[in-house]
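**Q** So the protein sequences, as listed, match chains V and P.
Here the first sequence stands for residues 1 to 271, numbered as in the numbering used here.
Here the second sequence stands for residues 1 to 271, numbered as in the numbering used here.
Keep in mind that the hints were calculated from the coordinates and are not lab data.
Where hints are given, some of them may not hold.
For identical chains, the list gives no copy identity; a pair is met inside one copy or between any two copies.
What the hints assert, rightly or not - With a cut-off of at most 27 Å between alpha-carbon atoms, the simulated DSSO-like pairs for lysine-lysine come out as follows: (1) Lys221 - Lys196; (2) Lys192 - Lys254; (3) Lys242 - Lys271; (4) Lys208 - Lys192; (5) Lys38 - Lys254; (6) Lys196 - Lys38; (7) Lys82 - Lys3; (8) Lys165 - Lys254; (9) Lys242 - Lys165; (10) Lys196 - Lys131; (11) Lys195 - Lys82; (12) Lys3 - Lys254; (13) Lys54 - Lys23; (14) Lys38 - Lys54; (15) Lys242 - Lys59; (16) Lys71 - Lys59; (17) Lys54 - Lys71; (18) Lys165 - Lys195.
The chain contents come next:
Protein chains: 2
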Amino acid sequence: MEKFTRNQRVAAITKILIENPDKVVNLNTFTELFNAAKSTISEDIVIVRDVLNKLSVGKIETISGAAGGVKYICGVSREESKAFARDLCLILGERDRIIPGNFIYMTDIMYNPQFVHRAGVILASEFNNLKVDYVVTVETKGIPLAYEVAKMLGVQLIIVRRDNKVTEGTTVSINYVSGSNKRIQSMSLSRKSMKKGSRCIFIDDFMKAGGTALGIDNLLKEFESELLGIGVLVDDVTTERKLVRDYISVIQFKGINDDGSALLESSEIFK
Amino acid sequence: MEKFTRNQRVAAITKILIENPDKVVNLNTFTELFNAAKSTISEDIVIVRDVLNKLSVGKIETISGAAGGVKYICGVSREESKAFARDLCLILGERDRIIPGNFIYMTDIMYNPQFVHRAGVILASEFNNLKVDYVVTVETKGIPLAYEVAKMLGVQLIIVRRDNKVTEGTTVSINYVSGSNKRIQSMSLSRKSMKKGSRCIFIDDFMKAGGTALGIDNLLKEFESELLGIGVLVDDVTTERKLVRDYISVIQFKGINDDGSALLESSEIFK
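All chains, full assembly: derive it from the sequences and hints.
**A** If you want it as structure tokens, here you go:
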């Protein structure tokens, strides 16, 4: 049986915990992997916990009992969140990002894993205490972000479709009025996808009036489930009358500058 | 200035490298964060490298030169890949997964971050040496998997759309014939999304005849870019005449058993 030094165990334990956010890892997993005593592993874990605390990059929680163990809860320092919001304002404020119709081109950002990971940790950290069962999004642009949030919260992602697909089995469809251009749209979700009485949050890339978020709220009612929170990367504050109240955003879109670039600012909590 | 012990540094370095796959992290990042000498950090990194090697869970590469540093390359042992393929066969082989039309319901798996992460590492490990610029997928079900592969390869994800969206700017659309039901479909990609002369791989959840993959190949030609590889989670081998050749899959769908469940088997390389 191979032996591992403390340093080696600490590195491997860190990797395993970081790769399984909000999932309880039983100490036996580590005692078997490293052929080490439980007390030794506990000491290793204290080292990991201390350095995460020291750097404000998440925490390690201990769950007691038979099904107990330790789990990693993602986290990020306020300074880091602020720096990210500032960076994002700079990048999305580049002049050539404004495309006909005064939309901001942000597809590249929404599909860039490094950005999405950082944004996902920031949003997930705001919902860590809600004990959510599912992270819900609507196709397509917000999917990677919602996926990262779901991963960080250790739960299943649910993607609401704009159409019906034969590969989804029985679906529930609802119509809703998009808040900004008053168009009637529909969205659908497979019956199989969600248990009754679930606690959900909705994650998306951009919010105008919040019509989609309101639609999600109504769709979840069909599943006897609850929408507990909403998080978006960019909040369009030029649309003043919002259809939903409690939501968080990382940055705010405040219109177009005289030079044709987007006017952006960090949201209040990340200022 | 705070001081860190070797154990603490090793844990923090592991976290930073694991969270930035295939991204070069300059040693100065670590010397500044820990207020430590370069030689000390180099020794820390050797510890991380050794334990990853020992457990066959990826490796640490050193890049020399001014822009040099170290980076984490994802990896997984053959045993782990095999165990994953076996697990997946068992889960997707559950009888109530077959839905009208003889489709396998696999949405929950494709949106489960723990599964998707493991599958993403397995597929990414097969393409680590190709030096790809982009991971391409088509909406919707394969997006989380393609995102994980892109993240592991340290590159941008590209999502080809089924429709045209106003928020994407100028797009290029092509029509293609889906190989299995011979329907003409279209897909489109924003001009802004890809540089000319890029090296791409295509990732999807399921392959029947490969019509979508062939469509992607043609779409990429419009961007003067190249399709270097294809990876899917499930290959439907009941569709014998494939429109594309070189591709890898994790498991194979071989039809429906007498009891109405799916007949599944690990693909050759993961047997």
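**Q** Please go over all the hints and tell whether each is borne out by the structure.
**A** Consistency of the hints with the structure:
no.: 1; hint: Lys221 - Lys196; result: within (9 Å within a copy, 47 Å between copies)
no.: 2; hint: Lys192 - Lys254; result: between (40 Å within a copy, 24 Å between copies)
no.: 3; hint: Lys242 - Lys271; result: within (22 Å within a copy, 54 Å between copies)
no.: 4; hint: Lys208 - Lys192; result: between (30 Å within a copy, 23 Å between copies)
no.: 5; hint: Lys38 - Lys254; result: neither (55 Å within a copy, 45 Å between copies)
no.: 6; hint: Lys196 - Lys38; result: neither (39 Å within a copy, 55 Å between copies)
no.: 7; hint: Lys82 - Lys3; result: between (43 Å within a copy, 25 Å between copies)
no.: 8; hint: Lys165 - Lys254; result: between (37 Å within a copy, 22 Å between copies)
no.: 9; hint: Lys242 - Lys165; result: between (31 Å within a copy, 23 Å between copies)
no.: 10; hint: Lys196 - Lys131; result: within (15 Å within a copy, 45 Å between copies)
no.: 11; hint: Lys195 - Lys82; result: neither (36 Å within a copy, 31 Å between copies)
no.: 12; hint: Lys3 - Lys254; result: neither (58 Å within a copy, 43 Å between copies)
no.: 13; hint: Lys54 - Lys23; result: both (22 Å within a copy, 24 Å between copies)
no.: 14; hint: Lys38 - Lys54; result: both (24 Å within a copy, 21 Å between copies)
no.: 15; hint: Lys242 - Lys59; result: neither (35 Å within a copy, 49 Å between copies)
no.: 16; hint: Lys71 - Lys59; result: both (8 Å within a copy, 24 Å between copies)
no.: 17; hint: Lys54 - Lys71; result: both (17 Å within a copy, 24 Å between copies)
no.: 18; hint: Lys165 - Lys195; result: within (20 Å within a copy, 32 Å between copies)
Violated hints, in rising order: 5, 6, 11, 12 and 15; the structure is consistent with all others.
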